[in-house]
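Whole structure, please, built from the sequences with the hints as guidance.
Protein chains in written order, with UniProt numbering: chain A, 1 to 891; chain B, 1 to 247.
In case anyone wonders, no lab produced these hints; they're calculated from the structure. Everything numeric in this text was worked out from a predicted model, so none of it was measured. Every residue gets a Cβ at the ideal spot worked out from N, C-alpha and C, and that includes glycine. Do not rely on the hints blindly, as some may be mistaken.
For the chain A half of the interface with chain B, some residues (derived, Cβ under 10 Å), not all of them [to be verified]:
id : residue
1  : Val2
2  : Val3
3  : Lys6
4  : Tyr59
5  : Leu121
6  : Arg134
7  : Lys154
8  : Val166
9  : Met170
10 : Thr194
11 : Pro241
12 : Leu243
13 : Arg249
14 : Leu295
15 : Arg323
16 : Leu370
To spell it out: a stretch of chain A is covered by chain B in this simulated footprint if at least three of its residues, at any positions, have a beta carbon under 8 Å from a beta carbon of chain B; those stretches are [claimed, not checked]:
id : stretch
17 : 283 to 290
18 : 566 to 578
Straight line, CA to CA, 27 Å or less: simulated DSS-like cross-link-like pairs of lysine-lysine [said to hold, decoys possible]:
id : chain 1 : residue 1 : chain 2 : residue 2
19 : A       : Lys280    : B       : Lys44
20 : B       : Lys221    : A       : Lys37
21 : A       : Lys332    : A       : Lys280
22 : A       : Lys313    : B       : Lys44
23 : B       : Lys44     : A       : Lys6
24 : A       : Lys6      : B       : Lys218
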Amino acid sequence: MVVRLKEFIKQIRACKTAADERAVVAKESAAIRTLLKEDSPDHRHTNVAKLLYIHMLGYPAHFGQMECVKLVASPRFADKRLGYLGIMLLLDENQETLTLVTNSLKNDMNHPNMYVIGLALCTLGNISSVAMSRDLCPEVEKLLASSNSYIRKKAALCAIRIIRKVPDLMEVFIPRVRSILGERNHGALLTGLTLIQEMCTLNSAVLTEFRATVPALVKLLKQLITTGYSPEHDVSGITDPFLQVKILRLLRQLGTGDATASEQMNDVLAHVATNTDGSKNVGNAILYETVLTILAIQAEPTLRVLAINILGKFLANKDNNIRYVALQTLIKTIAVDGQAVQRHRATVLECLRDADVSIRRRALELAFALIYPQNVRVMTRELLAFLEVADVEFRAPMVAQICATADRFAPNKRWHLDTLIRVMKLAGNYVREETVAQLVRLATNAPDLQAYGVHKLYWLVKADAAQEGLVHAAVWTMGEFGDVLVSGAGGAAAAAPATGEDQDDEPASGLLTGTPAAAPTEAEVIALLESILIGAFVTQTTKQYVLTALMKLSTRFTGGAVTQAIQTLLQRYATSMNLELQQRSVEYTHMFDLDPMLRAGLWERMPVLELKEGDKYEQNAALAAEVGAKPASAAKAASAVDPMASALLDLDGLSLGGAPASPTRGAAVPAGNPLDLMADLFSSPAPAMVTSAAVPVKSAAPAQDPLALLMGLGGGASAAPAPAPAAAAAPRDPLADLLGGGMLGSSSPAPAPAAPAAPTAAASAGGNGDWNVATVAYQSSDLVVHLSPTKVTSADGAQSLVQVQAVLAHTGQHGDTVSDMQLLVAVPKTHKIQLAPMSSTTVAPGGTATQAFRILNPENKPIKLRLKVVYTVGARKVDEVVEFKFADSVL
Amino acid sequence: MIHAVLAFNTAGKPRLVKFYGRVGTRHQALLLRTIADLVLARPKDACNFLDPCSAAVPVALDRDDTRNGQDGAIGDDDDDFDDDNPGATTSPAGPTTSASARDTDAALAALLPLTAATSTRQTGAPLHLTVVYRIYATLCFAMVVDAAESELAILDLIQVLVEAMDAALGPNVCELDLVFHFDDAHAVLAEMIQAGLVLETSVTAIVANYKATMAHAKASKATVASGLGAAAAAAVSAFPRAGRSRS
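Written as structure tokens, this is what we have:
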């Protein structure tokens, strides 16, 4: 016995579990399949009905397709109806079935009964393929001219499907469409307008042609508004809002980018905008559509103001739906008319606290779009306040956005630093690596803020060490600026953690206000780091940060007990299961066996990471002052990720993780080698430094061996961003011994001329030729640099080599010692240079230091040099660049 | 255009499923389930739109349970799909045409392969699909629409649909009417929306057309002998090969 549809549905509904339901469906499907094989016409209707129900529940029912086709062929309308429904729901791309369906459709479109034609048109509209469209186009065209509005409207929608599938067929329908505007039946008018809309979308020539219909459309719309109550089309007191919306949409399409058409519709738009009752959703739907149209076309300025004001009203509406669309529209509008949207800022910020998550999300998006240099302080404060309560899913993107905004619009460094720190404090676990890098870059760049920053971070982490991003930033700064931290210089500014919040909007002068908080002692700092290290939720990365910070502090802090504590902490990880930690521990512990001076050199301050736009803050301040600044320009100036900062992170990660860029650089210091040059290379991809011919310099620097070694240890020089090929020339460095000379060979391709180290360089050079007359290359009140070139021709005479002895002499004009001297030399790309270490980085009054370098000049071109002289006198730091050219006689 | 019209009860059971575009059964079930879960999880006073972010659709298509548990079991197990991972769109049928849309949109669009492909090709713009829904007692009506429709107007359209259903399927239409007369529900819908485009918006006209069709169907049942129907069907069966290939 065949189960009837009703019985089947009841069975399904009686199922207690999903498994039961599956079983019932499977059983019934099997029964239907059997019946299908028997091909009994009596059960066809029931079978298809059941299959459609099964389909709705989400089970496969495609084997019923052919049954549907057979049902359609039945003369009974009820069967046809179900058959076509089945075809619409079940049909796939099967070609054979489609052919059969096409035949049925063709027959039914010529059927005398309007409902049969209606069914056929409905089906065609839903499933038409390209072939079907071509086959049945004539029928549809004929029906489009039918006297029956029921058929006309269905045919219009079929025509849309056909021209979507085969745009070439559009020509056929264009003549028919012209008469549509005279249509009295609203349904047919609506579908006709949709057809026009579709044609305009598909073909811009047609769009231009239909611009001529704008006055007619305007008239139509006016009629709708002014007609009194008509029961058939009334929705909450408004006459056919759907038709009004459709006309407004079409007007938008026709008016966009055309002044005449826009002009023609200005009046009616103003009329609709002012006269529509906005108390119900229906009215608001029309108003919303009107606003969109006004904003899209070339409307009069007053009309635009009206539109934005309507959106403002929407924002204050109680209905969430209205507010949602208002926010969405404002987001789109902000590109067109930012100032007008700005007026609603307060309301937008209010929406951030809405109970509805969709509204919050839109409001947040809009809030970020609303940030200008003028309001960045206020907006950021609001957003930070929101960050505190924001949904978890919002936090990560918000943090990224706030940081990008801070980077883009920060009025000064102090504010920038404060904002970053606050973000990390509030949502440190959502902070990405780049943000930490951003902060590090900022800190290295602002010497006046280092003390403030490190203090603030110290107290914040002491209060709450659960925010990973904050901990990373704090540990790094504490390691780097530990000496500043304990000196108490910045305590005044940072004071206690509690005051951190309300200072963010103060100008940088706030640095000196407030009561000084006691600076932590060295032991306290180490204790804090230790507490982080043994924390329950600490990650491996954090531990790496801490180990490196500890190592830095071993050179920054002076107390013997502290150094002892650091060593103990480091040794704890000598047997760590984590390779990275163990490696650090072992390497760092070994460094304690070195000469303290050498260690101090190894762990010197990180090089300053240059900002790309040095005067960014001034620009921003200027922008903020300038009322009406365009957000677009600021956006252009923006740059999300900073290559410099990430370069530093790369360097950090190369072999030792964390922040061991300093060992690579510091390694050169004892030998007096200006590897800071390399630091410069890392930190300044900016064009400014490229001009100093950085490229050839890369392969110079003879005494890079420790660098290469460290890299080699850490997993191969290949990982190094540093140009290491010329490294490892002179294995005279203590580190080389320490870390094993064996590595040397493997990690360094032997450089061609085994560059002799500094003291001997001059002597050996002296054997080959005489020093020429010294020339003054640089002179200041403190220092004179003499260069004495000697030309050395290599044995085969092919290459020209110039040895240069640089003598850095104290001028003796004052009694202060010149210290931290560095001489960096760059040459054009055609030359190659090798620098030997300086004999001493310090010169007392009357004293001198020497540094040798050799320039390989394969093309015998005039040698031009760019010298960078860096030194410290007393508290004064000098950093100067000079150009120098040897007299031709030298060559 | 309208990409789908869905009705489901507050337990997530499908009551009316209509996709305007070729969407596989699995996709349909999955999409319905996702939308139901998202909609039913929302607070009552929230706005009636699912914005693209929350409309991210899980695409664990290879999972074999098609999720048709007993009534009431549906809202419970949200843990087996994550809305945060729309990037893993691996729909076999889903073309990558909407790749320019935001990830979340892409996921939704991938479930509507045909329509997504069509409209992206035409306008060149990414689809921005929005789900607009309205809840009536135990039934929820949802429409998936793209940017060519006004969200607020669609809200009114849902109202029209419900009013039409109410007038057509009997006064005080309830969930059970939809269950046992799902073909009639489809017929009402067909008088209102055809091929994803609005056909008629006047409740009176929709109901009148529906009733006329029904009257015609009843008349045909009474007058035409079943023998004739069988004969006509036999004519179609003259394509026996085609018939077998599908069974």
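Comparing the hints with the structure gives:
no.	hint	verdict
1	Val2	violated, 15 Å
2	Val3	violated, 14 Å
3	Lys6	holds, 6 Å
4	Tyr59	holds, 7 Å
5	Leu121	holds, 8 Å
6	Arg134	violated, 17 Å
7	Lys154	holds, 6 Å
8	Val166	violated, 12 Å
9	Met170	violated, 12 Å
10	Thr194	holds, 6 Å
11	Pro241	holds, 6 Å
12	Leu243	holds, 7 Å
13	Arg249	holds, 7 Å
14	Leu295	violated, 14 Å
15	Arg323	holds, 7 Å
16	Leu370	violated, 19 Å
17	283 to 290	holds (count 4)
18	566 to 578	violated (count 0)
19	A/Lys280 / B/Lys44	holds, 19 Å
20	B/Lys221 / A/Lys37	holds, 25 Å
21	A/Lys332 / A/Lys280	holds, 24 Å
22	A/Lys313 / B/Lys44	holds, 23 Å
23	B/Lys44 / A/Lys6	violated, 34 Å
24	A/Lys6 / B/Lys218	holds, 18 Å
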